[in-house]
Structures are given as structure tokens and as C-alpha cells.
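Required output: the full structure, derived from the provided sequences and hints.
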Amino acid sequence: MSGRVWKRKDLLGLKDLEPEEIELILDTAESFQEIGNRPIKKVPTLQGRTLVNLFFEPSTRTRISFELAEKRLSADTVNFSADISSTIKGETVKDTAKNLEALQVSLVIMRHPSSGAPHRLARYLKCGVINAGDGINEHPTQALLDMFTVRQKKGKLKGVKVSFIGDILHSRVARSNLWGLTKMGAEVTLCGPRTLLPRDVEKLGVRVTTSLEEAVESADVINLLRIQLERQKDSFFPSIREYANTYQINKDVLKKAKPDVVIMHPGPVNRGVELSSDVVDGPYSIILDQVTNGLAVRMAVLYLLSGVKP
Amino acid sequence: MSDKLIFDEESLSRTLKRLAHEIIERNAKLEEIVLLGIRTGGVYLASRLQKLILEISGLTLPIGILDITLYRDDLGAGTNQPEVRGTEIDFDINNKIVVLVDDVLFTGRSIRSAIDQVIDFGRPKSIQLAVLVDRGHRELPFRPDFVGKNVPTSREEQVEVELSENGKKDKVIVRPKVDHER
Amino acid sequence: MKPLHTILIKGAHIVDPASGRDGIFDIHIEKGNIKKIASTIEPQNGIEVLDAKKLHIFPGFIDVHVHFREPGFEQKETILTGCQAALYGGFVACVTMPNTQPPCDNQSVVEHILAKAKEVPFRLFPAGTLTRGREGKELSEMADLKRAGAIAVTDDGNWVSDSLLMRRCMEYASMNNLVVITHAEDHRLSGDGVMNEGVFSTSYGLIGVPAESEIIAVARDIELARLTKADLHIAHVSAAGAVDLIRRAQKEGLSVTAEAAPHHFSFTDELLGTYNTNLKMNPPLRSARDVAAIKEGLRDGTIGMIATDHAPHTEEDKMAEFNYAPVGTIGLETAVGVTLTELYHKKVLTLGQVVEKLSVNPAKRFGMKGYGSIREGALANLTLVDIEEKWNVTKEGLVSKSKNSCFLGQDLKGRVKATFCLGRFWSHA
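Chains as they are written, first to last, in the working numbering: chain A, 1 to 310; chain R, 1 to 182; chain Y, 1 to 429.
None of these hints come from the bench; they were simulated from the model.
Small disclaimer: the values here were computed from a predicted structure and weren't measured.
Careful, some of the hints might be misleading.
Okay, derived cross-link-like pairs now, BS3-like style, lysine-lysine, Cα gap no bigger than 25 angstroms in a straight line [claimed, not checked]:
hint, chain 1, residue 1, chain 2, residue 2
1, Y, Lys118, Y, Lys53
2, Y, Lys395, A, Lys126
3, Y, Lys417, Y, Lys2
4, R, Lys17, R, Lys29
5, Y, Lys53, A, Lys98
6, Y, Lys369, Y, Lys229
7, Y, Lys390, Y, Lys53
8, Y, Lys395, A, Lys94
9, Y, Lys10, Y, Lys53
10, A, Lys309, A, Lys7
11, Y, Lys417, Y, Lys35
12, R, Lys51, R, Lys29
13, A, Lys94, Y, Lys2
14, A, Lys98, Y, Lys229
15, R, Lys29, A, Lys42
16, A, Lys7, A, Lys71
17, A, Lys94, Y, Lys364
18, A, Lys203, A, Lys183
19, Y, Lys401, Y, Lys417
20, A, Lys41, R, Lys125
21, Y, Lys53, Y, Lys395
22, A, Lys154, A, Lys7
23, A, Lys9, A, Lys98
24, Y, Lys346, Y, Lys229
This is the structure:
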């Protein structure tokens, strides 16, 4: 018995976590996997606790994943999908926090378009806050499920070569993965057009390239990031056509990859842009494993954070 | 207060043999029995019982592991949250006789958690309980079907079980509780 | 209204570069006028005596960049509360920025500001807009503004990106003897940035503003100053590259001056990791290298003035999430403390240089007659400071209507104890 205990009130990002904490989450998630295979896919662990999903940004998959994780732990869930305009209308972070405490909420799962929003809410709340995505800053549970999936397929994280391809600049998934993977000893490569690579990111211990070939040829894992089609308007790339011609992962590109490479994507996939359809549905893709694992990882996170005395 | 020896290697072996015989004796249809060891103390004991029952009857009973961490009633109570290791039940328990195996029976709360979890897996024909040591102080109305030894203890004492599977010599003792373990 | 004050100040350390005075003196102020300065003056006629053993006296400080929000945004600050904050901070005069509602692009607003200030009484020197309505499309009526009492023109908050229009503005302002204050920022290059672009904006997941958006604008404005021979003053310099350009322009003899705000020589972008909106400003807090360049620019005189860019915002406004919070920090009440702590006590500037940055140079550049020096016979405009006193910045200690200070919680060494403004005495206990 190693005596590992989760001590933080909140999970706001992976940037400040210790490797041991990440490992605890991943190991705990393993135990939650089999619940999905039971006839009754429920455990009573969070019975009687109220969990609030505070989503200020539209999201289908992450919210459903969290909701399912919460329900499988027998918690009561409340969904609060606010239009961001209500914040502009004047309800401040402080007021939101006070309202939540009046409802005696046990945990808040928050997604917000402004980086740092969950961090500020967490300062006003006695209960814990889980960041489900803040602006372009972090999306810790996505990175955790990504790492869980890599560990599952490759048996380890240390020394595994993971390449991220796409809009790194605006990607909280890339950032959280960057923090988590480098802490666990994986080798990270970031790849995309120069216009979509963040300033000075090579100072954070990762390899940076604009060459798809370089990113693909030595990779054990290729993780595709979504390209927002609106970015074309802001002159980040001339056209979707050119982007796809330069950075799309398809059968031809994969000829240069390792034979046991795996393809990941946080979803939703722009078929024909980041990935060709046949690769999405092909044997290298472990995208659906990510979804399944997402449930176990989120259950583990909810479980661990619920154990912290307020 | 010094340590009190309850079982040594030899007496433990004899007792487990007796328990194996009692389980066989009590249950007419041996093939309906499945063994579930409660983590962590009951896991190796269940395994030993499975082997002993095989030696006696020639039948290999299905065996699984029950992790009751997610069914506890004291989440976030300030005590150190134990790590979740996972439940492993690879067979159907409907209409089976589930024999729960644990090392020490104390307040009975672990048994309550274990039973709740077993019921989530299906509808057994019956649930029986086999424990190595019953130390008293029940807080819930459970009684074991098969007991290795009844050992009256005080709340200031704790029962320590060491098994050869863990690299130690088989030994069960009662000793005073050390402060940090409260 | 406060009466003109009569008092004998004994044993103060006067630092007045204009007269060369740097030593212990007594000052006799009679009905608001500085009657006599001498090494010893005997008290007579039961005059009130102030023992100034621990005090330094400087020519009244002037902040050439403040936002007093009136008319239009009185919930953040009014002219009255702004002047009070200035007095508390040791300032005797301020240049107000014209981004009010309505903007200060006409005589009425200028007159309103001057009148309100007179009620305190305090001396405000309003800046008018460069372009009509601050819209960056047409010239504002600068002659009218000058006549009403404006001392400079600026579109502060906005940069006139149309170079042809900026040329015309500078020629027209120059003709009217108005200094052109420029808020140098290429808005397109800044984009949606909310902090300095660099490794920290990447780490914190915030869109960054590259320093080049300031440097490019400064370069353009300097070239136009060369072309038009206008008097150009660069507001809130924050980037190392901008300091270099200004230094070179000054070497060439162009009429280019610059100011830096206390937060730009105190804090770096690394601090944004807490997403504290009081640290969100424009221009943003920059890298350690930029901060060092600002300090060097102050030291070698390239940056001739320290100005706070005092920007009040209500608590509700600043409580918004980082991306949506308005930019700016108040600064009047902490300017002296921060300047002494970061520049004087850390031996970047001498006291004489501090006085140049906060009084002499502002008065000279903007033609403020009677300011920037301590002279017998003049109306008393003096700043009295205990340069050793340690204090901590708290919300409760601020008199400004808004409390959005980036220096909250900081320990400072050097505190304004009293201010003489227009012959009246304001003691801050």
C-alpha cells in the first residue's frame, strides 16, 4: 500500500501537478474501467452529493462525459449552461460562487471561454472546482485521458514520442498534454503552420517543427488537434485546402510512420481536414478508446476530489 | 500490554483446512459456490481456500476479488482516502452461492459495503461469510457463517495478519494500536 | 474651500534641481506664497511650525497622464475624487486624458474640467483629442481647444493608424503650440492580446500582444515628428525596442520626449499566472528585459518623465473574467512610493533625478509656468515626503473612488506626508 492521497481542493490544470499526482489519477482510473462492463454500471460512492456542470461554452462530448461519470458515481447532477452574455450582464464571479454555495454544491465542473476563469472561481469557493476547459489555457481531464490511453496502448509514458499536429496556438488540449506528458517523461513534438505555433513554446521542453514528415516519422503517437475553420478569416492559413494538403494525416502520410503508430483526436473530427475518413475509421485510430477512457478518468478525478475534506 | 499470538504458521494451516471442510459440509451443491476475497486481507485467504477445497473435493471454485473502496460510507470524512485498486469478477454470480472471504470481522461495515456491491453484480442465491478472525464490536447486524477463531479484543487493540504471500511468515497477532494508526 | 496657508517649515531637506538647492532649509509660507527660504528662519507672531526633520521637500509633482473619467464615467472616478487621490499621492497638477464621454474635443469639456478642478482647488491641465471624437478620421478643433485651456492633444487609448491623418494632426498641433501625446500601438498587431506575448503568454494560455505593436507605432510617430517638426511625447513606454528608438531620435535632436509608468518598471509579465485582472493593462506588463530597458531609459534620461496612467475601474468591472476585464490600474497614490522603492532606494536614480522625472521635465515640456521649481515669491506647490517610511498598500488606505491598484499588498519605502497645492496645505496623517 503506497499511501498515495489526493490533497488538492481543485483540479485546475496539469501545469502545477507533480508527476506522482498524475500517476495517482491514472492508476485510479484503471480501477474504474470495469464498472462500464458491469450489468449495473453504478457505484454508490458519491451518493447524496450535488455536482454542478457550469458550462459557459457550448460542449456536447465533454459535458456528456462528465455527466455520465457523475451519474455512474450516483451523484446528483445539475447542468448550468449559461450564455456568456449573462456574465457581461453583470453577474460576477463572486456572485456565481455565492449562488453555488447557497445550493450546497460538492464540486463544480466549469468550462469557460476565458483563461483563468475556473482559477478565480476556485478562490471564492470552499468546494472544489474541476476545469473542463478554460479559454486556450488548459483542459486537464482531456490530457489525462489522452495520457491514460497512451499508457494503455504503449505500456508506459516515459520515452514515448507523442506528436501534436494542428492549431497548437489556440489549443488547451495541447497545452495540458504538454505539461502532463513532459512531467511523465514523454517526448513531445508540436507541429503546425508557423502562424499557429505559440511564441517561445520550445522553451517549455518540447520539439517544434513545421514539417509534417518530421513530426510523423518517429512518432509513437500522433494526436490531431481540431482546426477551427474560422481561423482562415484571421489569416492563420490561406485556405482549408492548403492546410489539408500540408498537414492532413492520411494513408499516404502514414506510410512514413512507425508500423505501430496510434492516431488520437480529442474530437470532434473534421473529416477530410485534420484526418482523412479512412484513417478515422482505420486500424491505427484509437479515438473511440479515448472516449471510453474519458469516462473512467473523469470518474477517477471526481472520486479523488470528493475525498478532500473541505 | 504486549502482543498476543492468535495464529502461527501451523495453527493457521489447520484452521484454514477446517474452514474449507465446513464450507463443503454446509453446501450440498458445491458447484454453485463462488469465492470472493475482500481487498486486501481476504484476497490471499480466498485463494488458499480455493486450493484447499480443490484438494478435498477435486472441484476448482471460481474466485474473484472485491474492492469495497467505492462503497464505503466515509468518503471525505477526513481520514486518509484509501486507493482504489479495482474489483475483478469475471463470471456470472446470478443464482450462485457467494462466499465472501475476509481476514478480520470487526464493525461489519466492510461486509455491508461488500454485500451492496455483490448485489450490483447480480442476484446470488445466497451470500455466506467466511472470516479468519472475529474480533467483536459489531456496529451492524452481521454474523459470519464460517469463523477461524473468536478473539475478544478492546477498541485500543488491533489485529495484524501477516501472510507468506506477502513475503512474511504466516502470523496473526493482537497488539495495542499505535497512535498514528487511529 | 481651504484657505491659503501660513506656516513655518523647519529643517526640511529641499531637493530643487532648478535652483540647485539640495540641503536642509527652513521655508516660510505666508498666505499660500513662499515668502522665504533660508538655512534658519526664526518663528514669529505665533506662526504654526512644522518640524520637518524627517521630511524631504520637492517642487510639486506633476502627473502628465491620468484618466479622471468625468464627464461620462463618474462611477469610476470623478474630477473631485481624482484630484483628492492626486493630492494624497503628492501631486499638485495633472494632465487629464480626453477619453471621456463626451470626449474632450471641444471647449465645453475643457472648461468643465478646469472649473471642477478649481473647486478643490487643484490644477488640471486638460489634454484635448487629436481627432474629432477620438475617432481617428478628422482633425479636432485644436485652436479652439488651446484657447479653452488645453495643454496637449492626444487620442490616448487609440493610435491614429492613418499616417496621412497623423501627419496632418501633427502639423496642425504644432502650429497651435500643442504637444502631441501619442498612445503608440498598432492595434491590428495587438489583436485580441491581453498580456505581453512571450513564453508566459504561451504558458498561461492567454493571447499575447507582441512588443513590436508598440515599437512599430513609435517608429512611425518618430518619423512623422522628423517630417513635421512637431513636439512629440510618447505615452507609457513599455518595450525595450521603443526605448532604443526614442534614444536615437533624441540624439538626432528631434523633439521627442517619453514617459514611463511605475508598473512598467516594477512588474514583469510572469506575474500574470494568477490571472489577477489588476495586472491587466495596456500596454501590458512586459518581460524582464523590457523592464530593465525602461529603468536604463529612466537612468540615462531617454525617458524624461514618470506618469501613472491612472486608470480607475469599478470593482464590478474588474471582477470580470480576465479576457473581459477592462485594462488599467490606478496609480496616483502609489507613484511616489513605488518610484522611491524601485528607483531611488535601488540606486537607479538619485533624488534629483526623481524630481526631474516627476516635476521638472513635465513642467518644462508642457509649458506649465510656475511649476517644476521652488522659488521665493511663488505660490506654494510642494510635495513633502518621508523617503524612509515603510508602508503597505491596502484598499482601505486608498482615497481614489476605485481601488483597482496593481500594487495592492506591496510593501513600499517612501511615503508622501503632505502636499502644498495652490497655496493650500493638505496633510496626510
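Hints, verified against the model:
For the given pair, Lys118 of chain Y sits about 32 angstroms from Lys53 of chain Y by alpha-carbon distance, which is inconsistent with the 25 angstroms threshold. Straight-line distance between C-alpha atoms of Lys395 of chain Y and Lys126 of chain A comes to about 24 angstroms, which keeps the hinted pair within the 25 angstroms bound. Proximity of Lys417 of chain Y to Lys2 of chain Y is assessed by CA-CA distance (about 18 angstroms); at most 25 angstroms being required, the pair is judged to hold. For the suggested pair Lys17 of chain R and Lys29 of chain R, the alpha carbons sit about 19 angstroms apart, so the restraint of at most 25 angstroms is met.
For the hint pairing Lys53 of chain Y with Lys98 of chain A, the CA-to-CA distance comes to about 51 angstroms; that exceeds 25 angstroms, so the pair is violated. With a C-alpha separation of about 23 angstroms, the suggested pairing of Lys369 of chain Y with Lys229 of chain Y holds against the 25 angstroms cut-off. The straight-line distance between the Cα atoms of Lys390 of chain Y and Lys53 of chain Y is roughly 17 angstroms, inside the 25 angstroms bound, and the hint therefore holds. A threshold of 25 angstroms between alpha carbons decides the hint, and for Lys395 of chain Y with Lys94 of chain A the separation of about 18 angstroms falls inside it, so the pair holds.
For the hint linking Lys10 of chain Y to Lys53 of chain Y, the alpha-carbon distance of about 7 angstroms falls within 25 angstroms, and the restraint holds. The hinted pair formed by Lys309 of chain A and Lys7 of chain A meets the criterion: a straight-line CA distance of about 9 angstroms does not exceed 25 angstroms. As the CA atoms of Lys417 of chain Y and Lys35 of chain Y are separated by approximately 22 angstroms, the hinted pair is consistent with the 25 angstroms bound. A hinted pair counts as satisfied when its Cα atoms are at most 25 angstroms apart, and Lys51 of chain R with Lys29 of chain R qualifies at roughly 18 angstroms.
About 41 angstroms separates the Cα atoms of Lys94 of chain A and Lys2 of chain Y, which puts this hinted pair outside 25 angstroms; it is violated. Straight-line distance between C-alpha atoms of Lys98 of chain A and Lys229 of chain Y comes to about 58 angstroms, which puts the hinted pair past the 25 angstroms bound. Restraint check for Lys29 of chain R and Lys42 of chain A: not satisfied, since their Cα atoms lie roughly 31 angstroms apart, outside the 25 angstroms limit. Distance check on the hinted pair: Lys7 of chain A and Lys71 of chain A sit about 24 angstroms apart at the alpha-carbon level, within 25 angstroms; holds.
For the proposed pair Lys94 of chain A and Lys364 of chain Y, the alpha carbon gap of about 47 angstroms is over 25 angstroms, so the pair is violated. The hinted pair formed by Lys203 of chain A and Lys183 of chain A meets the criterion: a straight-line CA distance of about 14 angstroms does not exceed 25 angstroms. A C-alpha spacing of about 20 angstroms is found between Lys401 of chain Y and Lys417 of chain Y, which places the hinted pair at or below 25 angstroms, so the restraint holds. Under the criterion of a C-alpha separation no larger than 25 angstroms, the hint pairing Lys41 of chain A with Lys125 of chain R is consistent with the structure, at around 21 angstroms.
Between Lys53 of chain Y and Lys395 of chain Y the alpha-carbon distance is near 30 angstroms, which puts this suggested pair outside the 25 angstroms criterion. Among the hinted pairs, Lys154 of chain A with Lys7 of chain A is inconsistent with the structure: their alpha-carbon atoms are about 29 angstroms apart, more than 25 angstroms. With a CA separation close to 17 angstroms, the supplied pair Lys9 of chain A and Lys98 of chain A stays within the 25 angstroms bound. Only pairs whose Cα atoms come within 25 angstroms are accepted, and Lys346 of chain Y paired with Lys229 of chain Y is rejected, the gap being roughly 37 angstroms.
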